[in-house]
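Each chain is listed here by its residues.
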Amino acid sequence: MMRVLRGAAIVIAAGGVVDPACDARSYERPTLSVEIVETPSLVLPAEGGGTRWDLARRARQALRDNLGAQWEVVDGPVSTAAARVVVGDAVPAIELGPWSDLQTGRAPIHAVTVASQLPTNVRIVSASAPRQITIWDAAAIDASIEGRGLKGHKVTVRLFKDDVALASTEHVWQSDVEVFDARLMFLPPAVGLHRLEIRASSSLAERTDVDNRVSLLVGTNAVRRRVLVYQPRLSWMGAFVARAIERDPRFELAARAQASRGVAVSAGKALEGFDTFDVVVVGAPDALTDAEVEALNRYVNGRGGSVLLVADRRPGGPYVRLAPSASFDEVLLQKPTDIAPGLRASELSVPNRPREGWEPLTSDRTQPVLMSVPRGRGRLVFSGALDAWRYREGSRYWQDLVAGLAARTPADVHVQVEPPVARPGELIEVSSNAPLARIDDQAIRLWPGGEPGIFRGQFRWPAATESISVTAEKEGAIAQTVVSVDPGAADAWRDRDAALGAFAAAHGGRIVSAQDIGRLVNELRQTAERRPTSRTVRPMHSVWWIAPFAAFLAAEWTLRRRRHLH
Amino acid sequence: MSYSREEVKAITDKILNMAKADAVEVSFSGGERSACRYANSSITANLVEHDQEVEITVYYGQKTASTSTHQFDDASLKTAINQVQELAKRKPDNPELMPPVKPPQEYLSVESALSPAVNFGPAERAQLVKKSIDICEKKGVLGAGYIPKMHWTDALANSEGLFAYHRYANASFILTCRTPDGTGSGWSGTTGVIDPTTIDAAGLTEVAADKAVTSRKPRALEPGNYTVILEPRPAARFLALMMGIFNARAAEEGRSFMSGAQRGETKLGQKLFGENVTIRSEIGHPMLRQTPVGPDGLAARSLPWVEKGVVKNLFYDRFWAKKQGKEPTPTAPQMSLVMEGGTTSVAEMIKTTKRGLLVTFFWYIRVVEPMTLLNTGMTRDGLFLIENGEITGPAQNFRWNESPAVGFNNITALGPSILMHTGEAYDNPGTALVPALRIEDFTMTSISPAV
Numbered sequence: 001m002m003r004v005l006r007g008a009a010i011v012i013a014a015g016g017v018v019d020p021a022c023d024a025r026s027y028e029r030p031t032l033s034v035e036i037v038e039t040p041s042l043v044l045p046a047e048g049g050g051t052r053w054d055l056a057r058r059a060r061q062a063l064r065d066n067l068g069a070q071w072e073v074v075d076g077p078v079s080t081a082a083a084r085v086v087v088g089d090a091v092p093a094i095e096l097g098p099w100s101d102l103q104t105g106r107a108p109i110h111a112v113t114v115a116s117q118l119p120t121n122v123r124i125v126s127a128s129a130p131r132q133i134t135i136w137d138a139a140a141i142d143a144s145i146e147g148r149g150l151k152g153h154k155v156t157v158r159l160f161k162d163d164v165a166l167a168s169t170e171h172v173w174q175s176d177v178e179v180f181d182a183r184l185m186f187l188p189p190a191v192g193l194h195r196l197e198i199r200a201s202s203s204l205a206e207r208t209d210v211d212n213r214v215s216l217l218v219g220t221n222a223v224r225r226r227v228l229v230y231q232p233r234l235s236w237m238g239a240f241v242a243r244a245i246e247r248d249p250r251f252e253l254a255a256r257a258q259a260s261r262g263v264a265v266s267a268g269k270a271l272e273g274f275d276t277f278d279v280v281v282v283g284a285p286d287a288l289t290d291a292e293v294e295a296l297n298r299y300v301n302g303r304g305g306s307v308l309l310v311a312d313r314r315p316g317g318p319y320v321r322l323a324p325s326a327s328f329d330e331v332l333l334q335k336p337t338d339i340a341p342g343l344r345a346s347e348l349s350v351p352n353r354p355r356e357g358w359e360p361l362t363s364d365r366t367q368p369v370l371m372s373v374p375r376g377r378g379r380l381v382f383s384g385a386l387d388a389w390r391y392r393e394g395s396r397y398w399q400d401l402v403a404g405l406a407a408r409t410p411a412d413v414h415v416q417v418e419p420p421v422a423r424p425g426e427l428i429e430v431s432s433n434a435p436l437a438r439i440d441d442q443a444i445r446l447w448p449g450g451e452p453g454i455f456r457g458q459f460r461w462p463a464a465t466e467s468i469s470v471t472a473e474k475e476g477a478i479a480q481t482v483v484s485v486d487p488g489a490a491d492a493w494r495d496r497d498a499a500l501g502a503f504a505a506a507h508g509g510r511i512v513s514a515q516d517i518g519r520l521v522n523e524l525r526q527t528a529e530r531r532p533t534s535r536t537v538r539p540m541h542s543v544w545w546i547a548p549f550a551a552f553l554a555a556e557w558t559l560r561r562r563r564h565l566h
Numbered sequence: 001m002s003y004s005r006e007e008v009k010a011i012t013d014k015i016l017n018m019a020k021a022d023a024v025e026v027s028f029s030g031g032e033r034s035a036c037r038y039a040n041s042s043i044t045a046n047l048v049e050h051d052q053e054v055e056i057t058v059y060y061g062q063k064t065a066s067t068s069t070h071q072f073d074d075a076s077l078k079t080a081i082n083q084v085q086e087l088a089k090r091k092p093d094n095p096e097l098m099p100p101v102k103p104p105q106e107y108l109s110v111e112s113a114l115s116p117a118v119n120f121g122p123a124e125r126a127q128l129v130k131k132s133i134d135i136c137e138k139k140g141v142l143g144a145g146y147i148p149k150m151h152w153t154d155a156l157a158n159s160e161g162l163f164a165y166h167r168y169a170n171a172s173f174i175l176t177c178r179t180p181d182g183t184g185s186g187w188s189g190t191t192g193v194i195d196p197t198t199i200d201a202a203g204l205t206e207v208a209a210d211k212a213v214t215s216r217k218p219r220a221l222e223p224g225n226y227t228v229i230l231e232p233r234p235a236a237r238f239l240a241l242m243m244g245i246f247n248a249r250a251a252e253e254g255r256s257f258m259s260g261a262q263r264g265e266t267k268l269g270q271k272l273f274g275e276n277v278t279i280r281s282e283i284g285h286p287m288l289r290q291t292p293v294g295p296d297g298l299a300a301r302s303l304p305w306v307e308k309g310v311v312k313n314l315f316y317d318r319f320w321a322k323k324q325g326k327e328p329t330p331t332a333p334q335m336s337l338v339m340e341g342g343t344t345s346v347a348e349m350i351k352t353t354k355r356g357l358l359v360t361f362f363w364y365i366r367v368v369e370p371m372t373l374l375n376t377g378m379t380r381d382g383l384f385l386i387e388n389g390e391i392t393g394p395a396q397n398f399r400w401n402e403s404p405a406v407g408f409n410n411i412t413a414l415g416p417s418i419l420m421h422t423g424e425a426y427d428n429p430g431t432a433l434v435p436a437l438r439i440e441d442f443t444m445t446s447i448s449p450a451v
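As they're listed, the protein sequences go chains A and B.
1 is the number of the first residue of the first sequence in the working numbering; add one for each residue after it.
1 is the number of the first residue of the second sequence in the working numbering; add one for each residue after it.
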């Protein structure tokens, strides 16, 4: 017996020295995070009584009650969640909220919408504004307004800045369910970031107007479009268009003219090639050489620039291959005719068999004196209004035409920020095709990014700043954008229901209504996978082994004493 | 009324002594300005104006102000001086202000007030009118003419001791004839004549009347590029369009046709015009007899602007010359201007022209593009088609768009230089010696309804 007891104690001691390890397997419930997306519209009445907020809470409770066996349901986003559910009527602001810290790409995100259609309601379905315009441009602010149960009543859509109405439009609903697309123009009063608000008000009182207003951000800069007026021979048409452009602050004009044999004169930015310009206006194109025509062709196709050919004589010479037709009809009119709004002429060169792709820009499509064609990445425009200079009111037309062409030309330099709406202290990523950017007045170095020719950098949102301008410059061309800290505004609002559905689909989830939450519960039940877990156990680490060890030794010692053994 | 050197000096000295400013400059001008106008074969206006004026400029450091007065009594002068002195003190500094020019300045002696012009009075002008009207009646046209006369004194004095004085007298005869039905018109004239007895009123009227008669029922031609023969009057206007390009500051600041490829560079020394183009200021030229006093009172000197097409000089005013470390140019480009002519008469030019236009007159000229010197204007008062060496008939007037930079490269014939005013009006100085020009490829852009 004593041997047994001694042996047992020795085994325990040996086990402690060896410290063996073994695997222990078990199963645990996956985590389901549920978050209610808090938006002002949750105060709206919901189907089945109460507010949307009440409905959202009921949906969250239903998830807790019905899925507790399969899921560990927690409130709010959790980084280890196996699935997520957002409850509400709008997409969560992932860039701004706690979601931004999560790896949202792995776990599916389902959505439970509490939105419902009110029987009598006007709501702004979607709205958008250009993120960045120049101070000389008018920004088109678009909004889609849905009216329900308001047939025969009027809706007024207004654009506000600092509570001052800037523009408005009205619409009378023609049917019970209708979407009205409103466009309001915004003329920026200054360079910087402008917070605009669209408000829709109905002539019939609504139960709520919380979904009748959205805020938008429009950044404004003073970057001018660069236009070259190139004249291989002096021409009045070229000079006239140049004068029209020169007067317009939207443009930075450079000019080069062959003033006489062997004598060229230049004004503005030195000409080192066409690529640094957004638009090239060619006066007297009939005097272009083969090499000049080829250079213009490369500029249009490669750079994506626009070339405006303003003829003052019957087209001829190498440039005809850039023109809309190989041959032209000469038309001399007793009285000037309207070519386009604000543009008149009486001596016309009309393409008699336009080449494929050329589209008339003229009021009278049977006499296509002005034609345009996309070519490569750029665009060619031909004007056969030979004596349009005689009718001076055409300046505005040329300004608008050149502005439109310039807007189509891809910028020689671009800069982007992500996210465009930030939160204090957040890291903002800047990408540009220029290696240097300026954050307000401070320069930051950008480094080569993943794509060839793209440079990236980061900066942290400075404290106590509402908006900052990010500028990049390359060979004199400037690009500018604005970052804002304004959680209440965006550069675009999408249809909330559609957006929520798209958001869920984009994250591998599905959208259900709160009334139909049973479907989601069933699906989550089926997809819940108890996670097998295994862990390494070292049994000898327990301090309780000391007890049997001591007991065995004590018993063995007692027996030995009774037998008078030493 | 004329002012002798002594009379003028007494006035300027009196003003200089009255003024208390750091520096003072007095510019005197005065004399007789008269004219006779006639229209529809009778005199409509006979004007004689005697005037005198001093312009007083005072300097306080870099501050300056000017005033002028026509009253030369002590009280009026004192009031004007006190006012301008107070005004100058309140003015902001002018960083480009240059101090008055210091003597000595050696002015060329130019006798510009010859007795035939000094004594050219209403009676003499009436005689010219009579001769002209007789021709008009004979030719059955209506004549409208202008015969201005200037007998004028300009002087400049300053507190540094400078005194410059120039007196001149000249007359002009300008005439437009129209057919009674208003469908034909002709122009003729001569300007800046220092001996009015040489004015051939009858001959000039014959030219204008013949042009009026023969310019009726013009033929409309296609706009396009034509060989043009510019008679001296349109040639003078065309020349005047480019005289501004010689300003060195505009050229070096990149604002001018003369600007070089880089900022600060110019086209000085480059051959910009045809071999047959030579333009110079010829101070003391016996036909022009214009002032020898240059800008700010510097002694003007003859100098070439363009020689055989090559730009020889640019004009540096005193401020820009100092800034650029150069000598100021004592002669302004428009002073005593001579464009070297040739030996080909207008008749010979016509004979050797296969197809072209004879241009009598340019009007309503406006700048389109200063950098390229592109200008636009219209023809008037006699435009004729030349075919195979002969005038074949009147042509409907044109609007033209052309640059003298192009035109002065395309000159194929020059006539003898004659006196002709380069400005739009005829009253003030501005007469130059200009030849008739034949220019190829002159751009006529559209029909003009003018007569």
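Hints in this document: simulated from the structure, not taken from any laboratory.
Beta carbons are placed, not taken as given, at the ideal position from N, Cα and C, and that holds for glycine.
Some hints here could point you the wrong way.
Claimed, not checked - Straight line, CA to CA, 25 Å or less: simulated SDA-like cross-link-like pairs of lysine to any residue:
id	chain 1	residue 1	chain 2	residue 2
1	B	271	A	346
2	B	308	A	263
3	A	269	B	115
4	B	139	B	267
5	B	312	A	262
6	B	267	A	263
7	A	335	B	2
8	B	271	A	287
9	B	91	A	263
10	A	269	B	264
11	B	217	A	268
12	B	308	A	346
13	A	335	B	139
14	B	267	A	256
15	B	267	A	346
16	B	139	B	224
17	B	312	A	266
18	A	335	B	217
19	B	354	B	250
20	B	131	B	27
21	A	269	B	250
22	B	14	B	46
23	B	267	A	254
24	B	271	A	261
25	B	9	B	115
26	B	267	A	287
27	B	267	B	285
28	B	267	A	258
Unchecked claim - Just a few of them, taken from the derived set where beta-carbon distance is under 7 Å, the chain A residues facing chain B:
id	residue
29	172
30	221
31	223
32	236
33	239
34	257
35	259
36	267
37	269
38	271
39	387
Check each numbered hint against the structure and report the violated ones by number, ascending. 1, 3, 4, 7, 9, 11, 12, 13, 15, 16, 19, 20, 22, 27, 29, 30, 31, 37, 38
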